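J.: Quick note, the sequences are listed as chains F, L, Z and C, same order. Mapping of the first sequence onto our numbering: residues 41 to 263, in sequence order. Mapping of the second sequence onto our numbering: residues 41 to 263, in sequence order. Mapping of the third sequence onto our numbering: residues 41 to 263, in sequence order. Mapping of the fourth sequence onto our numbering: residues 41 to 263, in sequence order.
Mixed in with the good hints, there may be bad ones.
Same chains, same names: a pair is fine if it fits in one copy or spans any two.
Said to hold, decoys possible - Okay, derived cross-link-like pairs now, BS3-like style, lysine-lysine, Cα gap no bigger than 25 Å in a straight line:
| hint | residue 1 | residue 2 |
| --- | --- | --- |
| 1 | K83 | K55 |
| 2 | K175 | K116 |
| 3 | K116 | K181 |
| 4 | K169 | K181 |
| 5 | K55 | K181 |
| 6 | K83 | K169 |
| 7 | K83 | K116 |
| 8 | K83 | K181 |
I should point out that these hints are in silico values taken from the structure, not numbers from a laboratory. As the structure is a computational prediction, the values presented were derived from the model and not from experiment.
4 protein chains.
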Amino acid sequence: MANANTTALASALSKAMAGIHQRGWCDGTGGNFSCVLEREPLKLLMAPSGVDKGSVAPRDLIEVDGAAQVIAGIGKASAETALHLEIVNTCSAGAVLHTHSQAGTLLSQWAMEDAGSTDTGEHTSLELKDLEMLKGLDGIKTHACSVHIPVLANDQDLQALSQRSRPFLPEAPHGVLIAGHGLYAWGRNLGSALRHLEILEFLLEQRWRRLLLDALMNSSKTV
Amino acid sequence: MANANTTALASALSKAMAGIHQRGWCDGTGGNFSCVLEREPLKLLMAPSGVDKGSVAPRDLIEVDGAAQVIAGIGKASAETALHLEIVNTCSAGAVLHTHSQAGTLLSQWAMEDAGSTDTGEHTSLELKDLEMLKGLDGIKTHACSVHIPVLANDQDLQALSQRSRPFLPEAPHGVLIAGHGLYAWGRNLGSALRHLEILEFLLEQRWRRLLLDALMNSSKTV
Amino acid sequence: MANANTTALASALSKAMAGIHQRGWCDGTGGNFSCVLEREPLKLLMAPSGVDKGSVAPRDLIEVDGAAQVIAGIGKASAETALHLEIVNTCSAGAVLHTHSQAGTLLSQWAMEDAGSTDTGEHTSLELKDLEMLKGLDGIKTHACSVHIPVLANDQDLQALSQRSRPFLPEAPHGVLIAGHGLYAWGRNLGSALRHLEILEFLLEQRWRRLLLDALMNSSKTV
Amino acid sequence: MANANTTALASALSKAMAGIHQRGWCDGTGGNFSCVLEREPLKLLMAPSGVDKGSVAPRDLIEVDGAAQVIAGIGKASAETALHLEIVNTCSAGAVLHTHSQAGTLLSQWAMEDAGSTDTGEHTSLELKDLEMLKGLDGIKTHACSVHIPVLANDQDLQALSQRSRPFLPEAPHGVLIAGHGLYAWGRNLGSALRHLEILEFLLEQRWRRLLLDALMNSSKTV
Chain F
41 MANANTTALA SALSKAMAGI HQRGWCDGTG GNFSCVLERE PLKLLMAPSG VDKGSVAPRD
101 LIEVDGAAQV IAGIGKASAE TALHLEIVNT CSAGAVLHTH SQAGTLLSQW AMEDAGSTDT
161 GEHTSLELKD LEMLKGLDGI KTHACSVHIP VLANDQDLQA LSQRSRPFLP EAPHGVLIAG
221 HGLYAWGRNL GSALRHLEIL EFLLEQRWRR LLLDALMNSS KTV
Chain L
41 MANANTTALA SALSKAMAGI HQRGWCDGTG GNFSCVLERE PLKLLMAPSG VDKGSVAPRD
101 LIEVDGAAQV IAGIGKASAE TALHLEIVNT CSAGAVLHTH SQAGTLLSQW AMEDAGSTDT
161 GEHTSLELKD LEMLKGLDGI KTHACSVHIP VLANDQDLQA LSQRSRPFLP EAPHGVLIAG
221 HGLYAWGRNL GSALRHLEIL EFLLEQRWRR LLLDALMNSS KTV
Chain Z
41 MANANTTALA SALSKAMAGI HQRGWCDGTG GNFSCVLERE PLKLLMAPSG VDKGSVAPRD
101 LIEVDGAAQV IAGIGKASAE TALHLEIVNT CSAGAVLHTH SQAGTLLSQW AMEDAGSTDT
161 GEHTSLELKD LEMLKGLDGI KTHACSVHIP VLANDQDLQA LSQRSRPFLP EAPHGVLIAG
221 HGLYAWGRNL GSALRHLEIL EFLLEQRWRR LLLDALMNSS KTV
Chain C
41 MANANTTALA SALSKAMAGI HQRGWCDGTG GNFSCVLERE PLKLLMAPSG VDKGSVAPRD
101 LIEVDGAAQV IAGIGKASAE TALHLEIVNT CSAGAVLHTH SQAGTLLSQW AMEDAGSTDT
161 GEHTSLELKD LEMLKGLDGI KTHACSVHIP VLANDQDLQA LSQRSRPFLP EAPHGVLIAG
221 HGLYAWGRNL GSALRHLEIL EFLLEQRWRR LLLDALMNSS KTV
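Chain F on its own, in the form it takes in the complex (with noise of 0.2 Å):
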């Protein structure tokens, strides 16, 4: 991690992680980041598996190749290292930030319910429309579209979930939720990444309040 790239990468993909645990979004050592070191051979910088993300000095952070396997530093890769890998190469992305906040846990699990798909091999999408927000995503110019977020059926096995999420992944809206576990949100770079994730767990969040208005309305007019 000798070079002056991966030292700025590493401060700056330290400091995302402390913002973002103070967000809320990866409470109890969840959610798991990471951005691209080189392309080839792949390289990316991450987090190690089992820490609090909220405290991971850019000294602490690992390099990770394209098989998965630590090359630099100190610790274990995740094992959702898989599906980083796998948002990568598919979508050309410069990183990857998987969180686990309230609204990404229950929308997933809650839509996925809603489309009767609960078994493993699953998948449905939750739709977020009309907003302006929406313009915060890469190659959105109108609020007066509709985007539909894949929501995949949480598997342990990283491997098969990343090949379950291959077809998904290029018409994703840069994210993409795995059921009651969380969002994967990426850009063609750190800071694009974390644009989209702030506007994804906006939407998300604004979804599940919706969710709750359009309820009330609904049991409240019918009666």
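Given the coordinates of chain F, work out where chains L, Z and C should sit on it, guided by the hints.
T.: Same frame as chain F, now just chains L, Z and C:
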């Protein structure tokens, strides 16, 4: 940006934006913020478009003229500058603060739908009444009153949106909502605009809680 | 404001106000806060009216006498000083903290409406019971109890409001609510008043969640 | 409190308490927190009773023996020390963290009422299942599981409460709820206890949102 007045304002605006971002009211490069530097000819100090509003240093602010052209500093002026200028001109505002909060986004969209006015060009209003916090708005001396925040349909044509806002601005309670988008709050100077922003965001969050409570009481009483 | 006691109290009060503002309990120059400096003759240290309570330096506090006249420092005494004085005199309080929280604003207004008492001059109360946190109020030794926070209709005539509050203060659980306005909490000194404030605000937020839950359970069971 | 180990633990515990207070989980001198300093004979480092847990300096912590007697430092040991000791002894815990959060207070009381067991001496449990965050609890390897947090009726007789808790502790998921009171979380050391606390509080807040959503969906579907 040489003189002492500009330096002080730039510093105050940068600090205000950091505080607003901290509260989660301008996630993901959302929102925009401006102060009047000079009236004749009109010159605004504002955040450039497309950056994280929580970490704009005073020196990174731009200066914009009355035709929304950047005249100093590096970066693009947001398309929303048109609405900032409309408010500055119509309301003699000294500062305009535009946020994307959860309550502002949801209630503006709900109010529009509730009024059955979802087409571009439509408008409605959101009533706030009988609350002590209303006295934080300039000109209001008692809680025993009712104010109506204008709510306008969102529009990516900011010239059109600004023009549509004009008839509503003189009577607006130092704030206007754009549906599914957020709040514009203003005041005669930055301090006054910040006070109005805090008051209006407090009242919007209060309205959201009240809406939940009323719908619940309604549905549990009627059954 | 020369002596050491005053300096220490001013510093503690300034710090307390910053913390209260940080929690969103006195947005937009709302709320007010006072400590007793001397009993004979009565002298209060308090925040001036109309300023952001989150950034009042110790030297910017004012001193007010028992007739609500400013006797030291620069600025106006809030009209609400009358109620601070009433509480200090009736309850032998050493500090009075007045906040505008979401839960306090909503529940006070709801309690009044629920009791059918919306005219000026009316009053009701809000019951809190069976919670361990009640033990944070001086004099309460078990969760197995019930306290009633008096709720008074709001009034811009603070002399009248203070007078109306008098019969309720001796039995109040170190706090009283003004409908659609907020909470006054007090204690024998600043530390005790801060504790009572945190306890009462916690209990109000808890009551809000409980109200939602009860109404929901009610409406989903009865249908 | 001379040796290096004690100094390091005192500093870590003081910092942990400040962070817990910052999150609103121990308002108004509520909650209590302990670490094991020595096993033979048992010696706990803990916060004194009746102080603001957010601002306890390392030197203000007290040492308590296995009979809940203060053996070093200034201040009283909380009556709740009995339950800390019970957990340390029964679960071989190295740290015990006791919080008063909104969700923990509400759901524990609701679970007890829902089970129809409101008398002192009664107990029930709260189920958490199918969530990735469960894996943050030691010993859990998959989201596809269900854990039951024991919920005990509150009691001011802490000896009795501790004794009643005993049969439930060995199977508890590193946490137990006291109805209308809060959560006790523990772990083999302070880091592990903090992780379990963050995980359980996250899951309780999630359960609260889920409860709202289920009740709403239920009432809007049935009508």
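J.: All hints, please: hold or fail.
T.: Right, here's what the structure says about each hint:
1. Within a single copy, K83 and K55 get their C-alpha atoms as close as 20 Å, which meets the 25 Å cut-off; across copies the closest is 36 Å, which misses it.
2. Taking the shortest Cα distances, K175 and K116 sit within 25 Å of each other only across copies (17 Å), while inside one copy they are farther apart (37 Å).
3. Taking the closest pair of Cα atoms, K116 and K181 come within 25 Å of each other only across two copies (16 Å); inside a single copy the shortest separation is 41 Å, beyond that limit.
4. When the C-alpha separation of K169 and K181 is checked against a cutoff of 25 Å, the pair qualifies only within one copy, where the shortest distance is 13 Å, while the shortest distance between copies is 36 Å.
5. Taking the shortest alpha-carbon separations for K55 and K181, neither the intra-copy value of 30 Å nor the inter-copy value of 29 Å comes in at or below 25 Å.
6. With identical chains, the CA atoms of K83 and K169 are never at most 25 Å apart, being 36 Å at best within one copy and 36 Å at best between copies.
7. When the C-alpha separation of K83 and K116 is checked against a cutoff of 25 Å, the pair qualifies only within one copy, where the shortest distance is 15 Å, while the shortest distance between copies is 34 Å.
8. Within a single copy, K83 and K181 get their C-alpha atoms no closer than 33 Å, and across copies no closer than 28 Å, so neither meets the 25 Å cut-off.
Against the hints set out earlier in the document, violations occur for numbers 5, 6 and 8.
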